[in-house]
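Asker: Given next are the chains, with one letter for each unit.
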Amino acid sequence: MDEMDRSEAFIHASSFFAAGLARVISLQVGWLKGTRAVCREPAKPVQTQPMARKTTTQEEKPAKEAANPAQARPSSGSLFGLCLAAWLIPGLGHFMLGRKGRAVVLFLAIVGMFVCGLAMQGIFFSTGSPSYLHTLGYFAELSTGIPMPAATFFGYGGGKIFFVCSDYGTAFLISAGMLNVLTILDAYDIALGRKP
Amino acid sequence: MVLSHFEALALFSFFVSVVFAVLSKRTLREQLIYGAKVFIAFVGIAVLLGWIMLPFA
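As given, the protein sequences belong to chains A and B, one line each in that order.
Mind the numbering: the first sequence is residues 1 to 196 in my numbering, read in order.
Mind the numbering: the second sequence is residues 197 to 253 in my numbering, read in order.
Calculated from the structure, these hints are not laboratory results.
Each residue gets a CB set at the ideal place from its N, CA and C atoms; glycine is no exception.
Hints should not be assumed to be uniformly reliable.
In silico contact screen, one side only, chain A against chain B (beta carbon under 10 Å); selected entries [claimed, not checked]:
hint	residue
1	Leu106
2	Gly128
3	Pro130
4	Leu136
5	Tyr138
6	Ala176
Please construct the entire structure, taking both the sequences and the accompanying hints into account.
Answerer: Next comes the structure, spelled out in structure tokens:
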């Protein structure tokens, strides 16, 4: 029976890992399609007034960005900071982008799922395990951000493997991390203007 | 916290459907409809698969 529970929890975790992977692949495919579509478009001549004087910054900007400066690509540093913030505290990336309602719901859902995992004595994996699946599990749980080290700081002992709901708890912890990865990718998309 | 299989499934489905709905849809109405669909799909498919596997238990 314990083996059944373990396999069920593993199926849950791997299905959400696969969902996250599919999301990343779909994003990349969408990005490639967008790039190709841009490449297919004929270059539009930049309409300037004959007597208007161009500044140096306007000349350096690509025509597309100059036409719509609001959609200019943010700097790599700000994108990195956004993704880091979104990783550390679930929903903070959306909060920084002005989506405060979404940020609160995402925070409550992901942290709530993580806390439920803790309440069910889910296992904290470590990188020292010989099993590569445990190592993947460690990174999945670490994807939740601050809540994992915070739980350890406040005395969570890493779960009890013989507790009746421990496998479900582990699935909750891993899934919370994977959902936070989706949240980070969504914040990244919004920052780049790929998503409204 | 000790939960039955179904309670754990329902709780899991609830959290995941909330996040999927918030990330996938824009308006509140769309989010509610999509979240409800994902939740029902999670629970319904799990119950269906359990029912199919029942003879082999």
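Asker: The structure should be examined with respect to each hint, and the outcome stated for every one.
Answerer: Results of checking the hints against the structure:
1. A hinted interface residue such as Leu106(A) counts as satisfied when its beta carbon comes closer than 10 Å to some beta carbon of chain B; here the least separation is about 6 Å, so the hint holds.
2. Contact between Gly128(A) and chain B, as hinted, is not supported at the beta carbon level, the nearest pair being about 28 Å apart and thus beyond 10 Å.
3. The criterion of a C-beta within 10 Å of any C-beta in chain B is not met by Pro130(A), whose closest approach is roughly 29 Å, and the hint is violated.
4. Because the beta carbon of Leu136(A) sits about 19 Å from the nearest beta carbon in chain B, more than 10 Å, this interface hint is broken.
5. Below 10 Å, beta-carbon pairs count as interface contacts, and Tyr138(A) has none with chain B, the closest being about 21 Å; its hint is therefore violated.
6. Among the interface hints, the one on Ala176(A) holds; its C-beta lies about 8 Å from the nearest C-beta in chain B, closer than the 10 Å criterion.
The earlier numbered hints that this structure contradicts are 2, 3, 4 and 5.
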